[in-house]
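Student: Listed below, chain by chain, are the residues.
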Amino acid sequence: MKWVSAFARPLVPPLALLALHEIALRALAAKDVVGQILGAAEAPAPALVALMVAFYLVRLVAIFVAPGWLLLALACGAISWRRRRG
Amino acid sequence: MRSPRFDTLRRSLLALAVLVATAALVPRWWCGRDAGAWLEGDLETERALADTVAARALLGVQPSDLHTGSEHFDGEWALVQNQMTVLGLGQIATEHPPERARYLPAMRAAIAGMLTPEARAFGTRAWGGEDGIEHLESEHGHVYLGYIDLALGMLRWIDPAMDPSLVALHDRLTDALARRLASAPHALIETFPGVTFPADVASAVGAIGLHARVTGRGRRALLEAWGRAFRRCCVDPGTGFVYQTVEPRTGEPSGAPRGSGTALVVYFLSFADRALALDLDAAVARGGIASFLGFGGVREYPAAAGAAGGDIDSGPVVFGVSVAASGFGLAGARMTRDEARFRALFRTAYLFGAPVSRGGGARGFLAGPGLGDAILLATMTAKATEDAR
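Protein sequences appear in the order of chains A and B.
Residues 0 to 85 in numbering that gives the first Met the number 0 are what the first sequence lists, from first letter to last.
Residues 0 to 388 in numbering that gives the first Met the number 0 are what the second sequence lists, from first letter to last.
The set of hints was computed from the structure by calculation and includes no laboratory data.
Errors might be hidden in some of the hints.
Calculated Cβ distances over 10 Å to all of chain B for the following chain A residues [unchecked claim]: (1) K1; (2) L16; (3) L19; (4) R25; (5) P45; (6) L59; (7) P66.
FRET-style restraints, in silico, Cβ to Cβ [claimed, not checked]: (8) V60/A <-> L8/B: 20 to 26 Å; (9) E117/B <-> A29/A: 25 to 31 Å; (10) T249/B <-> A42/A: 32 to 38 Å; (11) L58/B <-> V48/A: 54 to 60 Å; (12) V60/A <-> G35/B: 42 to 48 Å; (13) K30/A <-> E94/B: 30 to 36 Å; (14) A220/B <-> L56/A: 53 to 59 Å.
Heads up, the beta-carbon is just placed ideally off N, CA and C, and yes, glycines get one too.
This is chain B alone, in the form it adopts within the complex (with noise of 0.2 Å):
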């Protein structure tokens, strides 16, 4: 005769067998339902969320409409939130073409927001009130406008009827940054006086393979050139992964290796430097992934770094694992076509993003309403091109 003991753990222990197989089993498969589809770039489920990026873009994405609690800041995230919304939609654009005149109206809008002088005022400050884009012929770094140009390159390729004053814009800018890449000591061109971020060197040389591209102009022997001055400075021989900051005229890294940067560096040099992307993206995936459940996320500090808290570019930073570097890391997940990891990746985004219903089938996510969807949506249609340097 069994005791009444006996049976109450017999209950308890199938209650927890049950609650735990369910824990494994189901919100992966919940939270990674829609991987395949961005995988496979599904129209209707990138639509979805472009929609809510493009209604955004068309309303005017300015400094004021961001909150970070830092002028400087506002002006950074609103560039890149206009960049990634026109390297998203024209992405869609590319893979299915009848997209493009859905989309090419938000594209110019955004474009449009990237060139008001206010846009770029968090740079004009930084460099003693020049202006970047009024003062091309200067010898200042000035290479946040790289994500103007790359934005730029994407709607050239996309509009074949681009406003003739924007094509020259667009020669001239990518002319600039060319050449100040060449004379540059160590290939490193300044963010701000004294201040290299690898990545947005990265932005400009997309910008310059990205305007290969579309113009048949290629800048072969400066690419290669930049190629090994990046492995051999910029690239921490150890993780592989790419310095968060560099000494311009030493060529010295001054920040720790760190896996937001590198994550967006993979992503900017798919358009220039595939070999370089790839690599990179390979110590991402060799060092950089943690996972559990099913769920993944990339590092922001590799392993043999050590751990460090987040900052404004990795955003919070959650046992090792960054917002930031998991969320610019599903581009290389899917250039690489790499479906295991791509899953990770998208289920966590889908798990702490936590997509909602913006009304018309449109969707976005809770957790980066502007800035974070137009990054999810350029970061889930990336795909590598063949280098046209």
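Excised from the complex, chain A in its bound form (with noise of 0.2 Å):
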């Protein structure tokens, strides 16, 4: 099963990556933080603006640099794959 294991490897962060965004996202969503932000009338709790931040960087990432990620976690493993095979 070794060369299972060097397929998937590559593909840990990125999937890792898309699952926090997915769970931040959800969180976010229950608890309304980005709204409770949006519709301030007086400058937020500086944490609160953090958490924003920190979940508006991770969502860019995961939309905009996962999915090259991805592909070339893929690439990486199926040359990692072809070498343990051959």
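Relying on the hints, combine the two individually framed chains into one complex.
Tutor: Here is the structure:
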């Protein structure tokens, strides 16, 4: 099964990032954190702003970087798999 | 023979090319894949958001449900949320008549929410305790009542069995706003004492236009005179954008021309003055759109007027683009069937709005549960109607 592990290992970081994004999305939606900040008449608490900024950074990476990262990870996995088999 | 360093460099460049190419192509496809369905009025797509908005309206939306940190803005946003709920659901019902029965209860609930004294307490306080609905004979502006009037007009359009007391209120409210519009210097009714927001006046004008549509009793001369005055006093000749505030007695601008107000005026005027709405929308399309990698936004401050920060009207302003202007801007793009602009704005709404499942097939936006959902429903189902003034 070593070749399976060699194929799958590069996929773990981008998939973990996508999972983190999904978990954060659901958690923030349940607490309505982003809605509270966007609709605030006065400056919201810095911790809330930091949370929102962190979420959007993860979202930007998940949407803009993760697709290419997954593609490269698949290519790396395929190369490793071929080396181990060949 | 190739050196290992050359191989490493070659692989790095290839990896970078893959990352850049996917970043340029995949996000614009992923974030925009529902744009066509919204543009074409696909019922299943609209229902997913409409059901979320309707469910919230049925629970009742009051100022105490908003948490802006300001009692005044809680009141304003609750009023806007209820109005946009009625307009969005009503637009779906006009496009898909069998949906009337599905959404009428929520539209009635939203109207009921707008008609409580608490819902307009922000205006009552601003006018020294004078309740705008209880004193329709007053000469005071109270033009925020246009939001209620426009929603009443939509309900009347959709609901042939509208409660007679609401029909009577719709007539009296429209008469009062039309009378104030006719007698106001520069055709600018005050929102609060000494201050006029042209977007609020546009809501009243849209309401008068929609009243004409549903009753057949037009006020063409009044609206034509108003349109001329509006172009003269409220539209910046340099950018074609609408000033955010205007001094009601002199007709002089007291605020900068801004994207959020302009895009909202476009939507409201689609119910009353199509030509003016299209002219303003053309100004937005011409000088107000910023785009990058297929994602677009509406500039809060058009380039000619310089840049400034965001406020409660615009929401956050990032790279000159505001949340409110971009959300309201979807209406003009849909009304004019400007597919490229609609898709670009939709992608941004998807990226930063972050749609989430609300269970049972319903969907909403992380960035705007309540108010944001209602606004996006109204703007993404907006359509230009023939003038019936």
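Student: So which of those numbered hints doesn't the model satisfy?
Tutor: Those not satisfied are hints 4, 6, 7, 11, 12.
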